[in-house]
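Need the complex rebuilt from these two chains, each delivered in its own frame; the hints are there to steer you.
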Amino acid sequence: MMSPTQWDLPPELCCRPMAFVALTGLDVTYNAIHRAIWDAFCANRRADRVPISFKVLPGDHEYPKCRTKRTSYEWYIPKGILKTGWMNKHLNLVPALVVLFYELDWDDPVWKEKQSECATKVEIVRTSLQGRNTKVAVVLIQKKTPLPPGEDLVASERAASLCNACDLSGKSLFVLPHTDHLVGYIIRLENAFYEHAQTYYYTEIRRVKSHKEFLNKTTHQLLFVRHQFKIAFFSELKQDTQNALKYYRTAYSLVHELRTHETNMLEIKTMAGFTNYKICRLCFQHNTPLDAIAQFRKHIDLCKKKIGSAELAFEHTAWMSKQFQSFGDLFDEAIKLGLTAIQTQNPGFYYQQAAYYAQERKQQAAHMCAHEVRYPTPDPLETLSGALDFYGQRAWRQGHQSIDPPDAEKEKVGIQALQVKEKDVPHSELIIALLSNAVAQFKKYKCPRMKSHLMVQMGEEYYHAKDYTKALKLLDYVMCDYRTERWWSLLTSILGTALRCSYLMAHVKDYITYSMELIGRASTLWEDQKSRIEKNLIKVLMNEVPEAEPDCDPASAKAAQALWSDRVSLAGSNRFTIEVQDYVPFGQFILLLQCKLHLYLKADCPHPVRFSKLCVSLSNQEYNQFCVVEESCKSQDILEPLSQENMCLVPGKTRKYSFKFVAKTEDVGKKIEITAVDLMLGTDNGRCVLLNWRGGGGDAASSHEAIQAARSFRSRGRVPEQHAQWDTVSIQASTMIISRVPKISVQLSHKPPALSNEMYCICVSIQSNEKTVAKDVKLTAGLKPGQDANLTQSTQVTLNGLEVCDESHPALLPDIAIGDLQPGEKVHPLLISDETVTIETVVPFDVAMKFVSTKFEHLERVYVDVPFLLMTDILSASPWPLHLVSSQLLLAPTMVALDEPQSQVEHVVLQTGECASECFSLQCPPVLNGTSSVASGQYLISWKRKSSCADAPVVTTVVTLSHVMVETIPLYVHAELPSFGRVRESLPVRYHIQNRTGLVQDVEMSVEPSDAFMFSGLKQVRLRILPGAEHEMLYNFYPLMAGYQNLPLLNISLLRFPTVSGQLLRRFLPSRIFVKPQGRQAEDASIAAA
Amino acid sequence: MAVCIAVIAKENYPLYIRSVPTQNELKFHYTVHTSLDVVEEKISAVGKAMADQRELYLGLLYPTEDYKVYGYVTNSKVKFVIVVDSSNTSLRDNEIRSMFRKLHNSFTDVMCNPFYNPGDTIQSKAFDGMVSAMMVQAS
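From first to last, the protein sequence lines are chains A and B.
Each step along the first sequence adds one to the number in this note's numbering, with nothing skipped, and position 578 is 578.
Each step along the second sequence adds one to the number in this note's numbering, with nothing skipped, and position 89 is 89.
Wrong hints could be hidden among the right ones.
With a cut-off of at most 16 Å between alpha-carbon atoms, the simulated EDC-like pairs for lysine to aspartate or glutamate come out as follows [said to hold, decoys possible]:
(1) A:K305 - B:E25
(2) A:K144 - A:D180
(3) A:K298 - B:E65
If you're looking for bench data, these hints aren't it; they were derived computationally from the structure.
Just chain B, with the same shape it has in the complex (with noise of 0.2 Å):
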């Protein structure tokens, strides 16, 4: 499960991040703001012609030693980063794309709201539990 889950708009702020309680918030959105180093160059590695069948589960980002840190950027350019504990060994790639997959989903709803401004922080309680289910509970 992840210990940090973040939304990042197209234009690299942040729309939603939220982290388990337990560990240092600053440290995971600092995890979460790198991370978009690789974000950005895995995106203009696609190429232009690429852009419309790229994939957009962009893999693990880049490992450090205390945690892995995956990407997914929906077409609109909008970034999610999922922060998983490196000692989870046993979370696959499958589940992790499944994370992503659901947070797309619930992501969409959120856009789908009327009294959403796209842009705005996400303050959704759906979008909230959704998240929270994904989290690693803490104990």
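Looking at chain A on its own, in the form it has when it is part of the complex (with noise of 0.2 Å):
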């Protein structure tokens, strides 16, 4: 009992209740046959199967003894509230049933002598199970298969007369013959037990349940609570899950009405402990986890504050550890089988909770027990059997049930004991296990920063066990997540412990580190504190033993002293390196610009650094030697205070180191970096570290304050060089080394803006101005890559400026090599220039044209064989006068030209706005179709820049002209008259109608009225025209009026042709004519005339 695990649940307590079955008379060792059956019975026990737990017996095992019923509870006092034996009496002792398996067939030839052996071997059973309700059964173990019930006579009767000889029910005989399908006959034997078994515990609920009426309330308040447990076990037993959680909710609640005092305060919290147990148990069953969770709280809340013996309070927190750790099992337990828990609720939580009061237990047992006492004897433990009659008692006092200890003395000598026994336990460990624990849980619930917090609670642990390897690796693993979230309060207390853990252990190189973190920045201390350890870091620095860490152990720390001692006169291994990415006192910043590299430096300690030797590491180590600072102690050269005072660093004061190179030419369009920086403290005579950051440097905090810094609306004044502001500086730990800008102009001379299909011509001067000579210089002439395809496509660029280009020439002209620019002696690196002109274009002039009648009215559309005119109008947009060389107009063969079409706009300067016309007469021939779109042909213009240089080429534009529509008319009608009239005298007008179809046609003309003349001729006429004929009309009008006069309408129908109106016709006649004046002279000619 008084064992560590005193505090253990035991394992009946925590196993499910299954209902016992025993069987005898097999023969599991030698008989083949029943090694068998009893392999069916216990092999596969899967879910499926029946809850059952088996057990062979022999056949005169002797079952715990029933002691006589009590008749009256009148004058009996109950000594504890559950016997310790008695729930492993239940499960594995006293069985709800036994079975006696026998080998007899029905035909057996010495039946008689059988049935009465069998008669008498159940008679034993029964007489071992004297005073119990266990059920017995009978298996008859057969080689033969039975018939079907009914039809073997000598069977039944048998059977019956077996029965009687044995005193059993018919339902109690079971004969299993022992062929193929043995496992179905098991399978179907054990379902049969399992109910005799459920009776079997109904009778025993029943049986408990009958005590009650006999109980009262002052003197057995014990026995309710044990017959509520003793119920509810049952329940489990028969497996009624939902009664058994009813009855333990009632014994639970009648734990808590018993009267408490300090005696029987451990018996009741063990009890309320069990039942509470069984309860959260249960109701993580019915998976109504949150019932559990409630229970718990409550029986948490109920007990936390019954501590029972102040001298024993270790045992309380012990036990509350335990109820704590005993839900977080049965909580995870749940999960493995299918629940799912949330990060605020896990078995972590409870875990953690018990770690707590496992540490509590550990301080009140250190403080409780401290005294030195030797073990008391004779042992006030030891009881006669070895173990207590009930649960939760103490041993020296069993059964002791009022409120005052039988015996003070020996109540005072237990006490001792136990805190003596106390004393042994590993509680570390114990805190250890269950803080792993709940970091497991917390781990799987998305709590990181739970679980830091219990690593370094575990750290601690391991510290206090003096295991400082196992501390100081936990604490490492944390310490860089407090680091990078910054919580600075809680870095240090952490580094603390790992400060005196390395000093324990003579770490040497731990020990600097954790020094160096603890003085610098992020470290929380007291001022006073920081230099006690920067003291004992010189110390170390000068290879001496330092002083011992306040808080220590005193004993440890004389080992530590006697270690260290060890290591200072080890003359090796002196010499460290450290990398301090994050976490040392002095930050640094480096600038690295144009080979020019700042190096800033600042400790934070509470004393001056003195370092030996810096460094810096360059991606490319060829620079490494242009930056180094080392100390000249070498040469003995101390009568130079200035370097001296360059060695070292005072708090507070940032330095400033400038370094100098000149970068190599084949770094040119590489990155480089700074990957580390050393700085060396102590001497090589003594001990010495290498302090080594990797990249720029800095520190946790420093990038931090960096954005702080660049946030911050302080005032950045000018500060002196050498104490440039911490604050102002950031890292560049980079830099691109790129070629210089070349000193070489390029001039371009043009003319803007270009004229689109121009050439146009750009001048370029390249201008050295470099000292040397610039070798290889190349241009690269043309349009800027990467602008529109078609724009690519449409221009063209050449060299020689007297060719015009065409589509053979490209865009771009790459390297033109212009060779080397002028003297020096040393050869430069390629200097790249670069000039981007923007080139604005303008249309050089616009191009109209217009199809007219010969009548200079506008056509929509041209006759076939009717001459007609076409006029083209050049518009100057040009901001430069145009010459316009020539022009030509080539025409397609669905036109042809009147006369000799001659350029009539040759050698004509064009300024601004001005317009140069040209008009051609055209005619078209006739067309297949009546009416369809023909092409006209295109419009040549050579022109050139007027002001440009006289030998510039000229350019061709061309512009197509567009489509017509020609027509093919039936009729055509044209006039022939005097270009003018003169009043009073005969005007003769002769009008030719032309038939130009195939057929014969008809026409009718009609002359219509007018004011202004008079006339003679056919007024009204209707005539045939023969195909392709021409009639002649002739008409003699006499003007009355001067003027422009309109002439009499000539009205022309065509009877086969309806819709060429005299409209169309008249279109072809003159409408009007100028008519003269009478003139004196001319009176006689005109009389003449008429």
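Put into structure tokens, the structure is as follows:
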């Protein structure tokens, strides 16, 4: 009982209770058939089999004796709540059913003898179970397969006789033919057993319940609890978990109704704990985890304050710790069976709380058990049986239930014994186990910070347990989390523990690392503590033994001193390289500028720091030699105070170191990076420590500070170069090496805007201002790549100013070698100079064209074989004068020029906004079908810029003329008349009417009267015109008025072509004529004409 | 009344943390720090779409045996944490809310101070006074 696992719950409480069935008469060792039967019972017990625990017992097994039942409780005073053996008794010792296996066939030749033997065996079992309600059943193992019931008359008769002989009911006799289907028979058998067991437990429950009426509330309080617990337990055995839960709950509330005093506190808590465990377990089993949690909370609230004896307070915390731990276990188990837990409600919290109580227990134990007392003899914890009779009682006063202890002296000795025992408990081990359980849970439920916190506690516990290596490992692991989260207060506390660990182990490297971080900015220690740590650090650097850390166990500190002395005497291994990425008191910032490197150092520790070497490593190691500051002590040059001061960092002051080097040509275009900064503390003859910053340096605090500084409104006034403000320096750990901008001037001379289609002339003059020769100068001219594809295709570039470009010329002329530019000796790297010119382009002129009739009327369409005019207008839009060299009309085959078309704009110079026009007379040959659209041809204009040099090439711009509609007309009319008339003078007008069809045309003609003219000739006529023939009509008009006069209208209508109106035909005829007034001299002539 | 009040920056480092002087300060620091697990989880659980309508008050973060820890997150992801003694059952949710509101108002005043750099630890007397008023008075 008083083992270290005193607080563990008994296994019979934690298991799942199952009906207990004893099998007798089986010889599993020597009989193969029996062995097979037993295997079939116990193998493959899956969830679908009935919950029974089987045990093979010999036929004459002695079952626990049943005490004589009490008839009256009147004078009975219970000695405790629950006997320690009770649960085990009903789980493993007292069966619900005893099954007797017996080999007997119905047609056995010696049936009579066998039957009586079987009856005897049954009798033996019955005797052993005297006073119990345990059932007995008989199973006959038979070799033959039985006939269906009712058919075997012998069988039923003999079965009846056997039942009679053994005093069995028919339901308790079974036959097990041992054939192929053994497992099937066994399963049917065990189902029958299960029913018997259920009945047994039912009667047991009834039996316990029946006691209730004899009990009274004053003396039998304990029995109320006991009985409820027993009923609940039997219900569980009966697999009636709902009722079991109900009875456990009653039992639980009854436990808390018990009168409590110091002597029975432990017993009450123990029972409360048991009952609570059962309730929570069943709640989880019923998938009502919230009920389980609520029950547990209630339990804790009720029991938290029930401390009991003050001298044994550690027992209470131990018990509390166990409560939390076992609930955590239950919770975890439920999760494994499919329950889902959440971040704020998971087993981790219970393990954590269990760990807290375990820690408290440890403290209490340390406090209460500090006195040096020997373990008392005789052992007060010794009992006669070696175990307690009741759960939760004291060995030296078992069964005692009154308020005061029976013997004060015994009580004192007993407590002393318990205290001495407590001293031997491996507290740290328990705490660490609980913490690591909790860590595992919190890891699962996404609580990284909780996990870190628990790991810190684990580390501290390891520290207390003097396992410094493990402590350091854990602390080191979480330190960086706190560092990145910038919780300096927590980090400082962890570092403090880590420093003590490293001190006690005399780990020089760790000691130095932690010391450095502790004296830095991030630590929240007081100045005097920092100062103490730094003094220790200096001692270590001088190869001396540092002072012991405060709060260290004096004995361990002494041992550590010895370890340190050993370290000191050991000459070797005194060089350390420490990676101090994040946590060293001196931050650093580096600025790399044109191969000039500034290194800023600042110490945050309370005392000045002297260092012996400072060097910077760059990605190209060739530069490293330029970036070193070294102590000149080697040359014993003490008379150089400047250098001495240079090697010393004053706390809070920023020191700047500048390095210079020339970049190598092969590094052009590459990135130079600072890979590391090394600072050597101490000297070679003492201990030396190389601090190594990766990259540009800085510490955990500095990156944040840089941001803060950037946001800051603080004045950034001028500060002396040596003490540049720390906040304003930002790390730039790398730089690009690029080539210098060349001293070459490129001048372009041209006259924008460019005119489209023009050969645009750009003069490029390149002048070198370099002191040396610029070799292999190359020029690339053309369109800037990456522009519109159309632009690239339509732009050509040539070097030859005299030739005209065509498609064969590219848009870009790359690498035109120019050769060397002006003298010098040195070779210079390739210089690239970029000049981009944007050239505006304008359209030089607009060409407009139109078709007009011979009367200069606008034509929508032209008629076959009817002459018309083409007019072109060239409107200059160029800001520069344009010189039109010539123009040319290239007619399509569908057009014919009536005369030789000659350029009318040759050598015309157009100023801005001026217009040049040309006019061509054209005619269309007949087209195949009535109307069609025909191409007109092209109009070529050769031109150049007037201002450009005389030998500038002439450009030809081609304008495509628009299409025109050509229409065939059936009848063509044209008039022949003088260019003017004269008043009162005859004016002969001849109309020619031409039939252009292959048919005879009926034409009706009429002339309308006019006020301005008198006339002679056919006023209205109808005539026929043969195909292709022409009819001529002569009219003599006699003008009456002067001025522009409308001619009398000639109406023509074609009977075959009603669509051809007179309106259309009239278009071919002049509509009016100028009539001159009557001249005197001409009078006679006109009379003569009349 | 609270036993510990903390203001945590967006990046989860403490801007201000104050606890009753009678008890172990470090323990409260750990309590506040571990509560950030729950805060982060709650913020991320709300999802980005709902971020605008998110309620600032996060409620009870998690109960420990001895303390109740409440959380509040401003829109700029600055966290307020209030730790209350578990035995103090008189405090209701509403009162915790109003404490957070007061804290938020006072924090806003701190931010409005042109001499305060956002991200620096808070060293304002007015803020200190307001927090003191909300803390359990050490007797």
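Results of checking the hints against the structure:
1. With a C-alpha separation of about 25 Å, the suggested pair K305 of chain A and E25 of chain B falls outside the 16 Å cut-off, and the hint is violated.
2. Distance check on the hinted pair: K144 of chain A and D180 of chain A sit about 11 Å apart at the alpha-carbon level, within 16 Å; holds.
3. Of the pairs offered as hints, the one joining K298 of chain A and E65 of chain B holds, with about 12 Å between alpha carbons and a cut-off of 16 Å not exceeded.
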